[in-house]
Amino acid sequence: MRTVFKTSYDADINLFRHSAQAGWYGLLFVVAAALPFLLDTFWLGEFTNVLIWAIAGMGLMVLVGQTGQASLGHAAFLAVGCYANVLLQERLGLPFILSFPLAGLVAGLAGVLVAIPTTRLHGIYLAIATLAVSILTDDLIVIAEPLTNGVVGLFAPTIEIFGVEFDRYATPARFYWLVFAVAVLIVLVYRNILRSPLGRSFAAVRDSEVSAQAMGVHVARTKAVAFGISTAITGLAGALMGHFAGIFNNETFNIIISIQLLLMIVIGGLGSIHGAFFGAMVVALLPQAIAISRDLVGEVLGVGSVAIPGLETALFGAILILFILFEPMGIYGRWIKIRTYFQLFPFYRRDMFRRQKSYLKTERMR
Amino acid sequence: MSLLEIDTVTLRFGGVVAVNQVSFAVEAGEVFALVGPNGAGKSTLFNLISRFYDPAEGDIRFAGDSILKRQPHEIAGLGIARTFQNIELFEQATVLQNLLVGRHRHRRGNLVNEMLFTPFVKAEERRHRAAVEKVIDFLDLQAYREKYIAGLPYGVRKVVEMGRALAIEPKLLLLDEPASGLSVEETQDVAFWIEDIRNQMGITVLMVEHDMHLVSSVSDRVLALADGKTLALGTPQEVQNHPAVIEAYIGSSENDEKVVA
Numbered sequence: 001m002r003t004v005f006k007t008s009y010d011a012d013i014n015l016f017r018h019s020a021q022a023g024w025y026g027l028l029f030v031v032a033a034a035l036p037f038l039l040d041t042f043w044l045g046e047f048t049n050v051l052i053w054a055i056a057g058m059g060l061m062v063l064v065g066q067t068g069q070a071s072l073g074h075a076a077f078l079a080v081g082c083y084a085n086v087l088l089q090e091r092l093g094l095p096f097i098l099s100f101p102l103a104g105l106v107a108g109l110a111g112v113l114v115a116i117p118t119t120r121l122h123g124i125y126l127a128i129a130t131l132a133v134s135i136l137t138d139d140l141i142v143i144a145e146p147l148t149n150g151v152v153g154l155f156a157p158t159i160e161i162f163g164v165e166f167d168r169y170a171t172p173a174r175f176y177w178l179v180f181a182v183a184v185l186i187v188l189v190y191r192n193i194l195r196s197p198l199g200r201s202f203a204a205v206r207d208s209e210v211s212a213q214a215m216g217v218h219v220a221r222t223k224a225v226a227f228g229i230s231t232a233i234t235g236l237a238g239a240l241m242g243h244f245a246g247i248f249n250n251e252t253f254n255i256i257i258s259i260q261l262l263l264m265i266v267i268g269g270l271g272s273i274h275g276a277f278f279g280a281m282v283v284a285l286l287p288q289a290i291a292i293s294r295d296l297v298g299e300v301l302g303v304g305s306v307a308i309p310g311l312e313t314a315l316f317g318a319i320l321i322l323f324i325l326f327e328p329m330g331i332y333g334r335w336i337k338i339r340t341y342f343q344l345f346p347f348y349r350r351d352m353f354r355r356q357k358s359y360l361k362t363e364r365m366r
Numbered sequence: 001m002s003l004l005e006i007d008t009v010t011l012r013f014g015g016v017v018a019v020n021q022v023s024f025a026v027e028a029g030e031v032f033a034l035v036g037p038n039g040a041g042k043s044t045l046f047n048l049i050s051r052f053y054d055p056a057e058g059d060i061r062f063a064g065d066s067i068l069k070r071q072p073h074e075i076a077g078l079g080i081a082r083t084f085q086n087i088e089l090f091e092q093a094t095v096l097q098n099l100l101v102g103r104h105r106h107r108r109g110n111l112v113n114e115m116l117f118t119p120f121v122k123a124e125e126r127r128h129r130a131a132v133e134k135v136i137d138f139l140d141l142q143a144y145r146e147k148y149i150a151g152l153p154y155g156v157r158k159v160v161e162m163g164r165a166l167a168i169e170p171k172l173l174l175l176d177e178p179a180s181g182l183s184v185e186e187t188q189d190v191a192f193w194i195e196d197i198r199n200q201m202g203i204t205v206l207m208v209e210h211d212m213h214l215v216s217s218v219s220d221r222v223l224a225l226a227d228g229k230t231l232a233l234g235t236p237q238e239v240q241n242h243p244a245v246i247e248a249y250i251g252s253s254e255n256d257e258k259v260v261a
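Protein chains in written order, with our numbering: chain Y, 1 to 366; chain H, 1 to 261.
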């Protein structure tokens with residue numbers, strides 16, 4: 001077991017706790033950056049998808065995991081980011097390098113606007129209000145046909161930054177690196193929020209609004225800021241999703257995506273950046289895992305390919321139920337337990353984490 | 001000029017008059033205690049000072065200025081810190097993070113530089129940490145720094161909550177039953193801490209407490225309340241022997257025994 005001797009306050013402020021941790025994350029960075037050389041085009045596309053979902057998950061995690069505000073409407077902000085990004089490029093002729101951050105900004109402002117009336121609500125009522133936002137957005141996209149092309153949808157152009165093209169099909173490696181760079185940037189920003197007063201005020205609002213107020217935290221403003229940051233990040237993911245999908249319409253960002261996003265971060269582990277990535281792997285790779293196992297089963301039984309409609313949704317639901325029953329802290333919680341087991345070997349006790357069993361605060365009715 | 005002036009304050013919840021025409025003033029540098037049976041309006045007075053409620057009548061002044069036009073989140077910025085009767089800590093955060101939230105009123109960074117974690121923000125973090133470490137040393141919380149509140153025993157939580165209020169660096173500290181549920185030894189620690197808070201840190205203390213032993217050992221003046229009304233104001237001895245106080249506690253003034261608490 002490693003004992004870290006802290007010799008200055010910076011040990012608790014720095015990004016990494018100790019040099020070995022920095023080394024492991026450095027290795028992870030190198031492997032992730034080298035993926036285009038290790039994987040074929042198909043799997044590289046799948047991992048690009050994982051990263052996009054992880055960015056969206058981090059966006060929602062800021063709100064749900066950090067600030068304790070449930071949202072069932074985040075697909076709406078994926079849509080806002082996606083449409084804003086493409087429309088800014090097509091209608092105003094802006095280059096991607098401008099339209100992309102602006103799309104995040106537009107989604108962030110939309111989030112703040114939604115937050116002002118809805119964050120007076122708590123728990124399940126907030127979830128219902130944001131659910132309504134998601135459904136409304138779906139309809140609004142259809143109604144605003146002159147702008148959004150309604151149910152026919154829009155094409156996302158090939159990304160061009162200073163003459164270099166990033167296209168999912170033509171240059172999959174470059175597209176992956178672009179998404180990877182955005183993901184790393186968001187992780188850094190997220191970490192910075194967590195270690196600064198802003199992140200602590202989020203946690204304060206999550207755990208006790210009344211004492212947050214007594215500590216001088218402006219609760220309504222903090223919630224609005226959390227919504228803004230959360231939806232801005234989600235909007236960036238939406239913009240990338242649009243370019244990844246190539247063509248999108250109102251159906252691309254329907255209510256199911258909202259629910260999937262929320263379930264994803266619960267499965268991954270609420271309140272941690274790792275959780276967003278773990279959850280994204282489950283959500284984005286599950287369809288492929290099912291397809292592969294389906295082929296395997298077909299081969300073994302010699303009955304050809306078996307197709308069961310709705311299997312993906314059912315499996316997803318089953319996984320979620322199992323997690324809530326047996327591992328409320330998600331995949332990240334399980335990972336911490338495994339890590340602690342080896343760190344303390346042979347002194348790990350089964351009850352070590354019993355006290356930490358906790359549920360999302362917003363689930364409680366108030 | 002008194003540090004805190006409660007000027008004929010009345011608060012009604014529907015037909016119930018929780019606080020009825022209460023007036024008192026807390027002078028800078030004193031330890032002032034509020035006593036009284038359950039439902040007397042002591043915690044309600046705290047919530048009025050925290051601006052969680054609006055009084056129906058009267059005025060509350062801090063350092064000469066009315067606080068009634070302030071929002072609840074501005075109260076900490078004025079230099080008024082408080083604890084809660086039923087501990088209100090941030091459960092899913094460590095002791096250190098809880099104390100650092102207490103530094104929120106001293107936050108000078110903004111959204112943008114905190115997201116970028118500029119050297120300025122880093123220097124600020126070091127400054128906050130140094131201030132919090134002083135509180136940790138004062139309250140002997142070193143062993144719990146990295147522990148999550150959710151797993152801490154009750155007595156430690158009580159102390160952490162006091163520490164969080166001290167991290168605000170207040171002029172006035174409101175302690176809502178600092179010794180409730182504590183053992184005799186822990187209550188003694190609290191008594192010493194309250195004295196040090198007043199004498200060394202120069203912080204005025206206003207507390208609600210049922211333990212009359214603690215009240216009489218640390219407080220300069222005591223205000224007794226019952227049913228939202230003022231019963232008696234004076235030194236701990238004067239208030240304990242006041243006929244109205246004795247009647248409020250044991251229901252009759254025939255018996256002159258000091259059976260208060």
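Be aware that one or more of the hints could be misleading.
[Unchecked claim] Cross-link-like lysine-lysine pairs, in silico, DSBU-like; alpha carbons within 30 Å at most: (1) H:Lys147 with Y:Lys337; (2) H:Lys122 with H:Lys134; (3) Y:Lys6 with H:Lys229.
Calculated from the structure, these hints are not laboratory results.
Structure-based check of each hint:
1. H:Lys147 with Y:Lys337: holds (17 Å)
2. H:Lys122 with H:Lys134: holds (19 Å)
3. Y:Lys6 with H:Lys229: Given that 30 Å is the threshold and the Cα spacing comes to 54 Å, the pair is violated.
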